[in-house]
Amino acid sequence: MYKNYKVLTVIPVILALLSVVFVSVNGLNQSIDVSGGTEITVIVPNNFDYSSLEKQYPNVDFKISKSSSAEYLDIKAGTGVDINQLRTSLATALNTDDLSNLQYTEKQIGSTLSSKFWEQGALAVGFAFLFMAIVVYVIFRTPVPSFAVILAAASDIAIAIGGMSIFGIPISTSTIAALLMLIGYSVDTDIMLTTRVLKRKSDTLEGRINQSMKTGMTMSITTIVAMAVLYFVVSYIVPAAEMLKDISVVLLIGLIADLMLTWITNVGILRYYVTELKKSK
Amino acid sequence: MKLLKDKKVLFLLVCVLASILTIVFNGISFGVDLSGGSTIVLQTEETVDDEEMAVITEILTSRLNTNGLSDVKVYARGNDEIAIEIPESADLERIEKVIAQQGVFYAEISNTTAYTGKDVEYVEEPGLTAAGYGVSFKLSTDGAAKFANVSYGKGGYTVNLYLDDKLISNPVLSPDLADGKSHPDQVITVAGSNPTEEDETEAWAIYTALKSGSLPVKVNIAYINSISPTLGQEFIKSSMIAGIIAFLAVALVIGIRYKTPKIVLPILITGASEVLLILGFASVIGWKLDLAAIAGIIATLGTSVDHQIVITDETLAGESKKVKRSIQRAFFIIFGAAATTIAAMSPLFLMSIGMLKGFAITTIAGVLFGVFISRPAFATIIRELLRKY
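Respectively, the protein sequence lines represent chains A and B.
Each residue of the first sequence is one higher than the last, beginning at 1 in the working numbering.
Each residue of the second sequence is one higher than the last, beginning at 282 in the working numbering.
Think of the hints as simulated: they come from the structure by calculation, not from any bench.
Only a predicted model underlies this, so the values are computations on that prediction, with no experimental measurement involved.
A portion of the hints provided could be inaccurate.
[Claimed, not checked] In silico DSSO-like pairs for lysine-lysine, Cα to Cα no more than 27 Å straight-line:
#1 B/K518 x A/K63
#2 A/K76 x A/K63
#3 A/K116 x B/K354
#4 A/K214 x B/K543
#5 A/K214 x B/K603
Chain A extracted, bound-state conformation:
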C-alpha cells in the first residue's frame, strides 16, 4: 500500500482527464442562459392535461414536475417562439386572464445576453481560478505543494463538469456560481492539509496526515450533508427553485470528488515532496 501511493495519486487525476474527454464528447445541456429563450414555470391543477398545448407548440418543451403539495408545469421555448401567443394559450388553458395571479414565474434571456454567456462565464471561472492559484502560491511560496493544491482544485472542477454532463445538469449562471463555490471549498481542505503537514513540527508525517484527515473529513462531510439536504428539500417542496437545486448537485459531485483529490492525490504529492524531494535537496 505504502509503495503504491504514487500509482494511487495519479488515479483521481486520470478520472479528471477522462471527465474532460467525456464532456468534450457528450457535451453539456444548455440552459436558456446559454441558448436564449424563455422558461416559464407555473403551478397547475393535478393531472393537468397539456397535450393540446404540446400539439400547438411542437418546438416547445413541456414537462411536469411534482412536489409534495403541487404540480408544476415547466415550459422551455427557444428564441423563435412567439411568447405572447404562448402566454395567451397558457392562460386560456388554465382558465385565467392574468397569469401573474397564479403561482407563476418566467425568465427570458435575449440573444445579446446569451451570446456573451460563454465568454463571460469562461472569464469568470478562468479569473477565479487564476486569482486562487496566485493566492495559494503566495500562502505557501513553494512550487510543489502549491501545485498540488491547484491541481486538486482543477480536477474537482473537471469532475464536477463531467458530472453535469452525465446527469444532464445544464450549464447556467447558477451552475457557474456553484463551480466558483467549489473552488473555495476544494481549496479549504487542501490548505488545511498542506499547512498541517508542512508547518506542524510535532508528530510523524503519517500522524500529521491522519490528524488532518480527521479534520478535513468533518469539514467535507458537513458540507456534503448540507448540500444533500438542500437538494432533497428543494426538489420535494419547490422544484421551481431550480437554481438552488442545480447549485447543490454540482457542489455534491465536486465535494465527493474532492475527497479523493485531497486525501489521495494531494496527500500523495505531499508525501512524495516531504519524503523524497526535500530529502534529496
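Got chain A; can you put chain B on it based on the hints?
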C-alpha cells in the same frame, strides 16, 4: 463570565446586536425574484454617454409610469445596460412592448414629413374616438402649421403614420382638413369600436411613445425575470425550511464527531451569528436579498462551519503550552482559505456577469465578517471552554 470581558467576544456580541437592531428597525427587503415582480434588463444597441443614459432612464421611467406602474426602479448598469425593477405583478406583454420600442414617430403625406413626435403637445389615453378605438393627440402650434402646409390641397391623399419605421395607421385625409388652416387635433385609430386586447396593447404602446418621446438609441430586451408574489412567498418559505433542516443536519454531523455540546453549540451559534451579520449588512446598505444572495449565505455558512472545525481541531491538538501556536496556525489556514474564496468570487463582483452580483456580495461580506469578527471570538470561546473541560 470571564468570556464576556474578552474584547473579541464583546466585539462579536456588539456586532450581532447591532445587526439584530438594524434588521428589526430597518427591515430586510427581498429582491423581486422572492417578493414577486419583474426584473428586466435592456441593452442599448451601441454604448451611450452619461447624458444619453440619463435621458433613456428618464424616458423609460415615464413610460412605465404612463402605464400605471408607479413604484418602478430604473437604473443604468455601465454604459450599455439599463435594469428595471417592477415590484408588482404587471402585464409583461404590454411592458415589453412599451419599453423596447424606440418610439420614433412621424406622419408623411406623399413622402413629405408632415409632423413628428416632437410636434405632439398633448396625448390622451387610448379610448373610443369618433373614428374608432385609438389615441387622440394635439399638435403644437408649430406642428399644426407644418401639417397645414404639407397637407394643403391634398384631400383624398393618405396620411401615413409611422412608429419606429412601421406603418401604424394610414387614414385618408378629408378635403376639409386640407384647407391650409391649422388643425391641431389628430387621431390615430388602431381598430373599430370593438378593440381586442392586442389592439389595446398596440394603442397603449403608441400612446406611450407619443407621450414620453423617443429614445436616443435602439434598445433590446436582454433579460426578463418575472415571478408572481405567491410563488415568491413559497420560495422564501422553502429556502428557510431548507436552511433550517440543512443546519440541523450539520449539527448532527458535528455532534457525532465532537460528542459534547461545549463544542457543538458554539460552532452552531457562531455560524448563525454570521448569517445575522450578513443580513444586518444587507439591511444597512439596502441590498435586496434574492435567490442568488440566499445561495451566497448558504455558501458562507458552509465555510464558517469548516473554519470553526479547523480552529476546534487545532485547539484540541495543541498541548497546553502550544495552544497559542496552534491557534495561530488555525488562523493561517483560515486567512489563506478566506483569501482564496474572495479571490475566486471577485471576478463575479467586478464583471457583474449576469445576475450573480448578489451572490458575490453576500459571499465576500460573509467571509470578511467571518475572519475578522466571528471566528476570532469563536477561537477565544472554544479555548476557554476546552480549558475547563
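So, going through the hints one by one against the coordinates:
1. Taken as a hint, the B/K518 and A/K63 pair is honoured in the structure, with Cα atoms around 24 Å apart against an allowance of 27 Å.
2. Between A/K76 and A/K63 the alpha-carbon distance is near 9 Å, which keeps this suggested pair within the 27 Å criterion.
3. Among the hinted pairs, A/K116 with B/K354 is consistent with the structure: their alpha-carbon atoms are about 25 Å apart, no more than 27 Å.
4. With a C-alpha separation of about 19 Å, the suggested pair A/K214 and B/K543 falls inside the 27 Å cut-off, and the hint holds.
5. With a C-alpha separation of about 20 Å, the suggested pair A/K214 and B/K603 falls inside the 27 Å cut-off, and the hint holds.
Every hint from the earlier list agrees with this structure, and none is contradicted.
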